[in-house]
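*Asks:* Let chain L serve as the given structure and place chain B on it in line with the hints.
Going line by line, the protein sequences match chains L and B. Just so it is clear: in the first sequence, position 141 is 136 by the working numbering, and no numbers are missing. Just so it is clear: in the second sequence, position 342 is 370 by the working numbering, and no numbers are missing.
Some hints could be false.
Said to hold, decoys possible - Straight-line Cα separation of at most 27 angstroms, BS3-like style, residue types lysine-lysine; simulated pairs:
1) B:193 - L:95
2) L:189 - B:193
3) L:194 - B:193
4) L:174 - L:189
5) L:189 - L:166
6) L:95 - L:174
7) B:299 - B:207
8) L:-3 - L:174
9) B:193 - B:299
10) L:252 - L:237
11) B:299 - L:192
12) B:303 - B:193
Read the hints as simulated data drawn from the structure, not as lab findings.
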Amino acid sequence: MKPISAAQIRNALQVGFAGLIAAAIYEFAGLDAKGIEGFYIIYGVARSLLLTPEVSFAAARDRIVGTIFGGVIVALLILVLNSWLAVGIGYILIQILGRKIGLNQPTLMNGSIMAVLLLAVPGNTNLGGLYVFERTIWHLVGLFIGMLIERLFWFRSETQRLQDSEQLLVKQLQSCLLKAEAVSSDDLILSYAKHCKIKSIAYRDCKIDDLKFVSFNEREELLEIALRHAVALGRVPAQLRKFDQIECSIALASLEKLLTNV
Amino acid sequence: MKKVIPIAEALRARVIIRNGALLAFVIYVSESLGLPEGLYMALAMLTVMELNLGGGILAGRERLVGTILGLLAVVIGAGALSEAPAPLRLGISLILVRIFCFYFGLNSGYIVGGHVVSGSILNHNSDWWFYASWRTVMTLAGVVLGIWFSTQIYSQLATTEWEQKARIWIGDIANCLSKLNNSKGSIELFISLRNRRNLLQQEIPKLVCEQSVLDQEFNNLFWAQNCLRCGSTVISCCRDLSPLFGEHLQKPLSFELPINNLIFWGSAKLKVLAKSVESNDDEIDLISRELSLIRADLTRISQCYFDVVEISANSALALGQDPNSNLFVLSRLLLLVDSLIEISPLRSMPSKALI
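The following block holds chain B by itself, in its conformation from the complex:
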């Protein structure tokens, strides 16, 4: 399986040149205007622009909030405890900055908060307020500039990258489903699909940040969550059903289960979703209708099965089959068809560079 995401080398090179040029420009402006602690504007801008837009916004938020909370800790540590020895002031300030950052739910901002504390108390002991406050202002300016540049020049959207990965993931799930009836799925394949699902899940906060800045509706986010939830359910069902298929599948009371149809139409839908072509609504509608028919069939079978089981339980009639196993197969098939119906087409986000 090919898992390499094709990220254009040319685009990466352009982004590196963009960052280098903007970095030099910001340093030049900062030196020309004599901005105090101007290098922190460049560093904050770099933090944002090194990543895609969503990742950059998250990183910028961590840096900015961490810096502000570092300033607060310095005000308490260096201001209120000014008579205490420097190591004690520093120790207390470091404790405070971590507590504040944990309270605000930061994941890495406490590192830069700690830097503000150490820079203020040890390196700028006599002018800590000037240093820490200007550092905070410059960080704010850098984060804002970084986000603005990221949206305007060679914009790399987290949503676009996410969508590329999700399409490949969905395509691999389609392959897994299409082979369900004639081969036992290897456990490594399911673990790999599951791990990729987890990686996609971890990227969701970036999409949230990005969409809030781009002022878009949250449809794409709902789509991403739908894709993860349904794709994940399809993987689980394939994993649970694969040991039973390819051999003698126990049919609940000899009902003919529409397994082949389900696999055919289900994998067809996933393959269509994995393609980057957008105008495939008719194809999706057709497949969804077929899947709805399969669902109705499965619901009818499960209802008949429950009725028979109830009668046999009341009349002490032996079914000659393991009822739990039947329940298991029926539940997984229903779950599978529901997910395949529910999974919605992947929507393309605007991915073109604005310059």
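Chain L on its own, in the form it takes in the complex:
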């Protein structure tokens, strides 16, 4: 059991709201929506709004590409073989061909699901390619609604998340200075790894300029120096901690000075 954070509650509310809108669209479409696999709109919503917008986007892309790729292969397979045996053959074809063209594991998984859904449900088998089309379209609509809600409410950009993680790291480092055992070296390393991940996304999307901080690189350097010494603090023998304590506090003080000047 884990205590629920404010961010998680916000996420749950976003999903609920996106689901409400998607279900309203489904209801508005009338009974015919069920006939054309309309309920997959909620599947799309449930698959969106994940941990970060990047994770949500990757999951959405994997779902759509996997559904189309697996769907096309199995729909073609049905034309020549339509039995439980085709599920296994379809799965093997999806895996082999998918790996050949370099699809990733989640995409292949989504493709493999199509082998089961198209062949294990007689209604879907009869629809064939039409089922693949309808499922894809409704998923896309649901995913779009989810991404829209993600953008509209409590949206945190890469740069904002980078600053949040920087502040969290600074707090952890300060706790380490007060008491070396306050945060374990492993936890510090983990926090920094997360920070680096967000940083790489911000760099990749060229969003660093948005920070409008000329001192960004300097801050990152100071943060890394402070972290190195804080990690060492938890590892070196007690009588040799003095140097790391001094260096960590100097780096943190310089960092805080930079942050207050911003």
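*Replies:* Same frame as chain L, but now just chain B:
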């Protein structure tokens, strides 16, 4: 540097054929027996069997717990709020399923929980209890079957894959350490080693799950953690010391530091650990004895250094050296030798296929 992990293509092909055959078989059995919502048994089994055993158990747990929590949310949303309009029921159920899943610490199970909610409320509005409850039962059966098949047929253990990666990582750390005295380590090399450490760290939960199912002792897990902690410390020490070496290293009060010995024996130990040969205990013992002697030497030097510094502080005698820099070198050398002594031999897990 070669970073490609040699995963046998033949084994991968066998695993794909295994999964395909079992998938077809489960669909056949489910159709023959007329199992309600039997396709969810196949899907849950597939979720588990697509990955190695540890990863599959984690994924199966996420799917199963997510499905159960989805059922709970549907019972509240579709049962207790049956008079409310469908969009409202669905919205509330989706909120509940996320909250429940976060509370239970799931990382992805809320997606399948959301699917249970949407399938029940929109697609099976009139028979939601039948659909959601049978889906849950079939998911449970699929996860159990998937884990069982994964342990019995062409078993791919997360521990084996982890060990292969860890050996290559340790070997690269050994190379880095062996070149410490005559070249400045590039920052990219240290970042790469650190990133690989982080990737290995992320895999630890899979090892925990796997070991609990295989009913093995947790020695291998302790070994993995020891390997990560000590390897990580060696990287940090190399990174901190590399700018100081190869040029004029300041010797604390002209004490002769056993740096060359430390680098030689330390990298020798790491190279032995990186090999997949298991019967190298004698070699490890010999190297560990040498490292213990180096440690004793370094401890003696640091004690002498502290004594002199204390005397000079009391007598206002100038040391002519930066005491902080000396402290830094001594602390990193001690840390390095401690980690090299502490890092234990890699233990091989049973990796052979059972069929």
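*Asks:* If a hint holds in the structure, say so; if it does not, say that too.
*Replies:* Evaluation of the provided hints:
1. B:193 - L:95: 24 angstroms, holds
2. L:189 - B:193: 21 angstroms, holds
3. L:194 - B:193: This hinted pair holds, its Cα atoms lying about 26 angstroms apart.
4. L:174 - L:189: This hinted pair holds, its Cα atoms lying about 23 angstroms apart.
5. L:189 - L:166: 15 angstroms, holds
6. L:95 - L:174: With Cα atoms ~53 angstroms apart, residue 95 (chain L) and residue 174 (chain L) exceed 27 angstroms; violated.
7. B:299 - B:207: It holds: about 13 angstroms lies between the C-alpha atoms, which stays within 27 angstroms.
8. L:-3 - L:174: 25 angstroms, holds
9. B:193 - B:299: 14 angstroms, holds
10. L:252 - L:237: Roughly 22 angstroms between the alpha carbons, so the hint for residue 252 (chain L) and residue 237 (chain L) holds.
11. B:299 - L:192: Roughly 31 angstroms between the alpha carbons, so the hint for residue 299 (chain B) and residue 192 (chain L) is violated.
12. B:303 - B:193: 12 angstroms, holds
The structure does not agree with the numbered hints 6, 11 stated previously, though it agrees with the rest.
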